[in-house]
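Visitor: Chain by chain, the residues:
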Amino acid sequence: MDHLDDPRLNFDYRTRERGTVPMDTERDRFQWVSEVAYKNVHRIVTRGYDTTELVEQGYGLTDVLFIDFQSRIPLLEEDKMLNYVMVCMLEDGLSSPANISRIVAGGKTILTQAAGSSILAFGHAYGAYQEIGKMMDGILARQAKEGKPLAEMVEAVVKTRLNDPALGVSGLMLKDPMAKRMIARAEKSGVAGQYVSLMKEIAKAAQKLSKDPVDIDLLGATGAVMFDLGFTPEATWGILAVTRAFATGAHYCEEIEREAPVRLGQTLTPKEWYDGPEDRPVPTLEERKKVAKAMEAQTPEEWKQTFLERQKIMGSGWAIVEEIDDPRRKI
Amino acid sequence: MDRQPLIKRKTAISYKTEEKTVVRGYSVSDLAEAGYTFYDMLFIIFQDRIPAENEADMLRYETGEFLEHSMSPSAASAIAVIGGRPNLPAAIAAAVMTFGSAHGPGAAHGYMMHKYIERARVEGKTLEEMGKILVDEYMDAGLAVMGMGQPQHLDGDPRAEPTHIKHEQLCSGVYLALQRSIEKHFNARRKKEGKAFVAVNMIGAGNTALAELGFSPNAAWCIGCVCRGFSCAAHATYTMKKGRAWAASKREPMVQMLDLSMIKYKGPADREVPSQAERQEYARKQKEEGEYKKWTI
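As they're listed, the protein sequences go chains A and B.
According to the numbering used here, the first sequence is numbered sequentially starting from 1.
According to the numbering used here, the second sequence is numbered sequentially starting from 1.
Treat the hints with care, as some may be off.
To be clear about the criterion: a stretch of chain A counts as covered by chain B if any three or more of its residues have a C-beta under 8 Å from a C-beta of chain B, and this derived list gives those stretches [said to hold, decoys possible]:
no., segment
1, 198 to 208
2, 263 to 275
Residues of chain B clear of chain A, computed beta-carbon distances all greater than 12 Å [what the hints assert, rightly or not]:
no., residue
3, V122
4, E137
5, E289
Partner residues aside, some chain A positions facing chain B, computed with beta carbon under 8 Å [to be verified]:
no., residue
6, L76
7, C88
8, E302
If you are wondering where the hints come from, they were derived from the structure by calculation, not from laboratory data.
Ideal Cβ positions, reconstructed from N, Cα and C, are used throughout, including at glycine.
Just chain A, same shape as in the assembly:
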C-alpha cells in the first residue's frame, strides 16, 4: 500500500539499481582546489609565500591576513591600520559573541566550541559587514554608471535605510570617540580612500534626514577602513568575526572560573514572562478527533485567512515577512 507504482513518478522505483556509483574515470580525480594555500611534507605556502620564511623575516598575523585575502604584502601603514582596527574590535564587553561563548561554556564544553560558536553572532545586524559592503559598493557602482553627484546618490539610499542596522550610522557612538578617532587615524596615515569618504557622506545624509542625532558608528568606521585597506565585505566579515572570537575565549575562561555549570532542565522560565494560551487540559487521543482540525487551505482566499491567523502565533515564524531572492541575503 505505498505510492511507488504511481505513474507520476519520474522513474521505476521497483527496478532501481542498487549499490554505489562507480568511480568516475572520465574526469580528473577529486582534489582540494585552492588559490589560497598549499602544503607539502616540508612547506606551508600561502599565495606563493612560505609561511615559515614569512615569520622568520618578521611578518606577523596581520601581514598574513593581507597575504591570505589579498595576495599581497601590505604597506607598513596598512599593517598598522589593520592592527588598529583589530585592537578596537577584539573586545566589546558582554555583547552577543561574549554571551554566546559564556552560554556554551555553561554546558561544560571545550573552549573551541564556545569560541567557534561566538562567531555565529555575526549576521546582518550585528557586525553586518557583508550588508554594508554591498550597500557601499552599490552606491559607488551606480554613481560611476549614472554620473550623478555622490551626495545626491547617497541621500536617495539613506532615505530608505535610515534605521537599517547595516547603515554604519546610528546613535550608538555619539559619546564614544572610538569610531571618529579610527576614521581620523585612517585619514592621517594615508590609508583612507573612497569608502571612508563615502561613509562620511552617508553620515552627512543621515544627519540631515534623521530626527535624532546620529554619527558614524563602529560598523561604519571599521567597515569603511577595512574596505579602504582592500578587504572585501566578506573578508572583512570573516576577519572581524574571528578577531572578536579571541576575546570570547577569555569570556569562556571567566565563565568557568566564576560560575557553576548549567545542567539540563535547570533553567526556569517565569510564568509572568509567558503570554501564550492559558493552561488547558490535554485532550485524550479519542477527543483529539473532535478537537483537532486540518488547516490546509484550498483557495488563495482561505490561505490568506490562515496566513493572518498564523501571524498571531508568536514563535511560528509567520510574522517574519521577508523577500528572499537569495537565502544568504537576510536583510
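With chain A held as given, fit chain B onto it using these hints.
Guide: Leaving out everything else, chain B in the frame of chain A:
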C-alpha cells in the same frame, strides 16, 4: 534602543559604557591610538598585562605562522560547510570547532606540562629528568605523548623546529626545557624499540612557546585555534566566490568532493523494508539475533 546585556555577569575582563570600552582598565581606543598592536591586546585581555617587546615579537611570529595551514580538518570543514551556501560565519565557526583532541589539542598539552613541572618542583627533580618520566609514564600506559608527530608533515612540521629556535632566542624558560627533554627521551625510547624518529609538532612547539609567554592552557588553545579561523575564512570565501555550490556538479572538469562516485559504502547489504504488518515480528527477531550490534555506532 535596549543596550542592556542579555546576561548579567560580574566580569574582570572589560566594561563598556556609552563613552568608552575598557579592557582590564585600559581604554581600547586609547590603546589603539597609542600604537599598541593586536599581539599586545592578547596579553592584555588574557593576562592583564602589557607584554615586553620580545614577548610581543614571539606572539607575532607564532600567530603569523599559525594562521594558514592549507588543508587540515578546519579548512576542509569550512569548505564543506560553505558548500551549502549558508552565511559565511557559519563556515568559520564550524572550522574553529574542529579543534579537539586530535586536531591541535593545545589545552591538553598545556595541562600535561603543568602537571609535570609541578611534579619536578615537588619531587625535587630537574626538568630534564621529568621529561623522561613523562615519556615513560605515557608510553608505558599506551598513551600518545602530546606534541609529537604530524600526519602530513612526515619529517616534522616545517614550522615546529624554527619555532623552538625562535622561542629559545626570545623567551626561553621552564616549558621549553621540559618540552625539549620530552622530545629527546621520546625518540630515544622509540629508537630503543626499533621505531622511526618522530618530530615535534606545532602543539609541542607552538603551545610550549605560548605557555612560556604566560598564556594558560585554554588561552593558548584559543589563540592557536581561533587564529586558524582567519585562514578558514579565506578558504570558505574563496570557495564561495570561485567554487561550485553543493560540490557535486557533473559539469565541472574535475570530479567534485560530493560527486556520487565519491561514496564508498561498507554497511549492511540492501534489504527489503518490512511492512507494518510484519514489523513487530521482524523487529523482535532482529533484536534477538543481535547482528545489528556490529553496525551500532
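Visitor: All the hints need checking, so say for each whether the structure fits it.
Guide: Consistency of the hints with the structure:
Interface restraint, the segment 198 to 208 of chain A with chain B: violated (0 residues with C-beta to C-beta distance below 8 Å; minimum three). Evaluation of the coverage hint for the segment 263 to 275 of chain A: breached, as 0 residues show C-beta separations to chain B shorter than 8 Å, against a requirement of three. The claim that B/V122 is not at the interface with chain A holds, since no C-beta of that chain comes within 12 Å of its own (minimum 24 Å). Residue placement check: B/E137 keeps its beta carbon more than 12 Å from all beta carbons of chain A (closest about 24 Å).
Look at B/E289: its CB is around 23 Å from the nearest CB on chain A, clear of 12 Å, so calling it non-interface holds up. Because the smallest distance between the Cβ of A/L76 and any Cβ of chain B comes to about 12 Å, over 8 Å, the interface hint for this residue is violated. Taking 8 Å as the C-beta contact cut-off toward chain B, the hint placing A/C88 at the interface holds, the least distance being around 5 Å. Interface hint status for A/E302: violated, as the beta-carbon distance to the closest one in chain B is roughly 33 Å, over 8 Å.
Checked against the numbered hints above, the structure breaks hints 1, 2, 6, 8 and satisfies the rest.
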